[in-house]
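J.: Here are the chains, one letter per residue:
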Amino acid sequence: MVIQEFSITQLPLPLTILLLGGLFTPILGSIQKRFRLKRIREFWASIVVALTLYSIYLVNQQLESKQVLVVYLWGQSPPLGGSFEIDALSIFMSGTIAFLGLLVVIYSSKYMEKEGRLTEFYTLVLLMMAGMTGIVMAGDFFTLFVFWELMGLSSYVLVAFLKSRWGPVEAGFKYLLMSATASAFLLLTMSLLYGMAGTLNFAYLASSLRGSADVAWMTITFSMLIIGFGVKSAIVPLHTWLPDAHPEAPSPISALLSGVVIETGLYGLTRLLFILFEPDLFKVTIASLAVVTMSLANIWAILQQDIKRLLAYSSIAQIGYMLIGISTGTTFGVMGTFLHVFNHSIMKGLAFLSAGSIVQKTGTRDIQRLKGVGRRMPYTTFALLVAFLGLGGVPATNGFISKLILFGSAIGAGMPLLTVIGVLNSAFSMAYYLRVIKTLVSKPEKESLDVSEAPIIMVGVTTIMAIIILVTGLFPNILIEMANGASESLIKGLDYYIRALIP
Amino acid sequence: MTPLEVILEAPGAWFSWIIPIIGALLMPLLGRISNRVRDYAAVLFALGAVVSTATLIPNLFSGEYPGDIKIATWIELPGGHPIEVGVLVDPLSILICNVVAFIAFLIVVYSIGYMHGDPNLTRYWFFFLFFIGNMLLLVLSDNLLQLLVGWEGVGLCSYGLIGYYYRDEKERWLGGPPPTKMYPPSHAGMKAFVVTGIGDVFLLAAIFIIFNYAGTLNFVELIEKAPEWVGAISAIPGLLSMTAIFFLGGPIGKSAQFPLHEWLPEAMAGPTSVSALIHAATMVKAGVYLVARISPIFYIGAYSLHIEEATVYFIAIASIGAFTSFLAASQAMVALELKKVLAYSTVSQIGYMMLGLGVSGLSEGAYVAGLTGGVFHLVSHALFKAALFLCAGSVIHTVETIYMSNMGGLKRYMPITHILMLLATLSLAGIPPLSGFWSKDSIFLASLTAGTPLALTLLAVAVITAAMTLFYSIRYISMTFYGPSSKFIQNLEHGGHEEKEPGERSITGQHGPSTSGGDHGGSLIKKEIQDAESVEHHAHPVHHIHEASPVMWVPYAILVILVLAVGILGLVGLFAPRFSPEMFIEKQFEMMLEHMEIPVHMEHVEVSTKIMAVSLSAAALLMGGIFGWVFYIARKIDSWLFVSRSPILKGVHTFLWNRWYMNPSYYRVFVDGLLWMKQLLFNWVETKVIDRISGAVASAFEAASNLLYGVFEIHGMESIINQGVPSAVTAIYHKVKRVQTGLLSYNIVYLVILMIILLIGMLWMM
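Each protein sequence line maps, in turn, to chains A and B. Note that the first sequence ends on residue 505 in our numbering; no numbers are left out. Note that the second sequence ends on residue 1616 in our numbering; no numbers are left out.
Bound conformation, chain A alone:
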């Protein structure tokens, strides 16, 4: 409850580490070049992300006695100045981001080995993570927007990173244009809110605008918020950039994009919706978006021949499941959403990483041509199988637990139809997951399939992730507790933030 200035840089500690890490990477890059050293950048990036994870733990310890930590950006003070607000939800989201980030960076150290311009790669990855961490810790809309653009800009370049081919450049450009349009919507929303409330600070916005939804401008704000955040979080029909961008990006980046970037978009939407509106207002809208998103994405996914494109559509479908939790507006439902955010980040991250290993070894993304690869790459395929079972919601995986909560919450909120559609979708989605696995383990067409298991670092990362999926599927209590704290801080904790800032 106390306003806490615990960082000398006036920024939250994890954010400081990531930003500094990102800024120092080019220097290390030039040192590496000059002295012909090996793997300095990879090592540096891993250390930075690991330190971030540790610092999030430290911040969490500070948080334990209080409901919310507030950091003023460079000594300014609300309602006009920028600020950071760290609560259990920020910790949960930034922890998810850093955790997946760490695994991805370690994986990249081997996967991206043969690519050029690695200095830029790691700089951008760290800055993208800084952007996401900033978003989930932001205490006002303006700060959120600044980091939103930081995340966006880094990710456009990363999607188009393999610029020697036309596909990635095109996909990156499409992503850029669509996101920029969405950002314009966000900017307009901000100006509207500022015009109405005279501030962009979440606490002040909540105390002055919450519940005043019958004002016509608030209705417009609501629609524009969904558009603005919806593009990044790939809500159908705003998803169209995603099936191009995710497959074309390098696999570690696909993992980050699907695992945390689109969920960060969802976080933004959720945060703003709960700050500005009563759940009853957005219940039906979000529920219909959930139905449209998961149903259409699953239908599209079943047609795909490209394994990474299939995973991209599956991500959209999973966003649909997450929307179910938000549409309930209850602590239980939102808990399901954020639990699924974490679980999905591991599952989809794993799916993209192991698919990446397979694609790198075979040189094709066409599922038909991957026949029999599973027999040559047993560990990677096993990891992919676990990820798919999790995504399909099979018991004993963490995906089952979060889907159970999500679908259960819909009944609790009086929307049994949503549950039935969700369960049917979930069952339907198994069809395309199993199809991929069946192809991978079936007999190879030519006997001498020249493929070998992925390098040990990559196999190590994917195996660890597979184990995490199973372990958290069997013993989900700790995660449920954390997600519940996050969800409570979103719904009930808003008052703490208001009381912390507004006397």
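No lab work stands behind these hints, which were simulated from the structure alone. Keep in mind that a hint or two might mislead.
[Stated by the list, open to error] With beta-carbon atoms standing in for the labels, derived distance ranges: (1) A:E483 - B:K1460: 55 to 65 Å; (2) A:L194 - B:I1086: 35 to 45 Å; (3) B:H1445 - A:N479: 27 to 37 Å; (4) B:H931 - A:L190: 35 to 45 Å; (5) B:K1031 - A:E483: 47 to 57 Å; (6) B:E1444 - A:E483: 36 to 46 Å; (7) A:L194 - B:W1614: 14 to 24 Å; (8) B:I1607 - A:V217: 14 to 24 Å; (9) B:G1065 - A:V217: 33 to 43 Å; (10) A:L436 - B:K1460: 50 to 60 Å; (11) A:L436 - B:L1613: 39 to 49 Å.
Cβ atoms here follow ideal geometry from the backbone N, Cα and C, with glycine treated the same way.
Chain B: place on chain A using the hints.
T.: For chain B alone, kept in the frame of chain A given last:
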């Protein structure tokens, strides 16, 4: 209490499923050491399960059992709904887990002989032991979620073992003979997976509803709290019926009841030992078990709370059971594959069990009688049907054909198997005093006790089915063991099967009508079993049909002895009721319900009712027996000539041969339909609609903006509208795919469309 103390409270209930699962996981390791070690270890692990479950038997006699034992909290949901890990040891679970473990053990022993020499035995043992573990976990679970884990686990093993011969060699296909369609094992496995999966989705939805209203999934708590939450559900009209029907979806799929029964006949593609254990004796009974387990809730709903809707559960399951038993028995009368006849018969007999459990709730007094009937029949059916399948496995193993028309006269060659299979068959047919007679009789008795018009109608169906059961029993036993040998057998015996001529019609002539079947005899497909026998066969061109080895016949001999023992106890029980197996089970249920504090009003069964039930059985036996005797024992009339002479009978035969046209229509609708939908979606939605909608929207958008700025660009309009013209669709689709920038503008249009839709939606809501 520490976990150890909890486990020691009823160690058998825990070890029984932990031991086989550990065994399954060890199999790949043991396989590396040596095949012999692996095989014997599998027997040991199965024995461990039997010993563990057997330690629970004394509880049945002492009348004191531990009940619900919780060991740990598994998932803790905020809001105070912890889901725990635990076992529920009560008469129902003790009875069924002992049957499962015991039969599984015998079949593991049998498999040593039957599967001898198979190169993929590690996989076989893995699935087999994993199945035993999961099945026992399912039966002993104290909550629905844990049960579901076992439920899906046995489904997985079933899928893996149906498709055991996943290389799909031609001789492993089943169905046919041509022109009837044949299916490979992997197809059969997928079919089972998909069909049972449909049921599971509904079960899952029902569990969600129950959890939401009851706040718990523990069986004991569900029953204790039933007055509150069943009342709460029934406050919404229709919801309780929906929950009941959805819930039954799971058991209907798993236990192969109409309309999800079509997977079981194909499930025979796996090794026969698997058919015996999973698809006859145990897994398919999981549905029956679940129906019985959850029925007290609806019983309380119907008779303590007087909620009319709660009886929907019983009405639905009784009707489905009776109808399925009739449906499957009718198909068994014409099937040509020995295992398929047994499979239809399994579906039919499970229908009886469902009927028994269903009538239990049709009137207040029939509850215990119905439960007893259903569960008693479950136990007795498990014994004789496992024996039948194992016998059939021996027969198929030695004659290398799956078609009964290629058998005949095997009595001479396989005397032991003949006697044992005959006894098991008589039990299936319900001939007194074998076990099948007593258990079927107790279901009839329960229906009579219920006495409602529905119960009596269903009873009539069940009696007709009993007649059909005896008929097809006589048919298959006669076609297999009696009469002269078929050409196929003679060739096998004298010349080795390579010289097999396109045979004449075999003695029974049951070849299906020419309209659907053509000349089946001409293209019979032999089934080779890849094992030591066939290796031996290659060495000696003359194939010798012989009795099965003791490791194979001893297990089914034990089962048949048990069938006889239950039968004799039943007979003794007429005079000394405390020896009657039926009375024993009934007493267990009374005790269990008393323990659950469910008020049960037992209706006193009049002697006249008992006599009525027995005479109904007798009438049915007489009816079926006469026809069976005429056609297959005395062989006075050639059944095929008899059928082909009458157009009506021929039509009926075609109808039955094609499985009431259900299987073809399922394929037509669901498989072909889905493929068609997929094509449609791809052609139409992906290319036409999306393009057209986006084209139309883009043009509308463009028109609007043009109007706004007063500049009308005829060029842009034209090109966009052209994209919607169907004739150019394919070309444009590819163009659009390549030229991504063309789509991008639409994508941004989507933003605007959604914005407009949202605004309209919000305005409409306000």
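J.: Hint by hint, say whether it matches the structure.
T.: Hint-by-hint comparison with the structure:
no.	hint	result
1	A:E483 - B:K1460: 55 to 65 Å	holds, 59 Å
2	A:L194 - B:I1086: 35 to 45 Å	holds, 41 Å
3	B:H1445 - A:N479: 27 to 37 Å	holds, 31 Å
4	B:H931 - A:L190: 35 to 45 Å	holds, 43 Å
5	B:K1031 - A:E483: 47 to 57 Å	holds, 54 Å
6	B:E1444 - A:E483: 36 to 46 Å	holds, 40 Å
7	A:L194 - B:W1614: 14 to 24 Å	holds, 22 Å
8	B:I1607 - A:V217: 14 to 24 Å	holds, 21 Å
9	B:G1065 - A:V217: 33 to 43 Å	holds, 40 Å
10	A:L436 - B:K1460: 50 to 60 Å	holds, 52 Å
11	A:L436 - B:L1613: 39 to 49 Å	holds, 44 Å
Every hint, counting from the list given before, is met by this structure.
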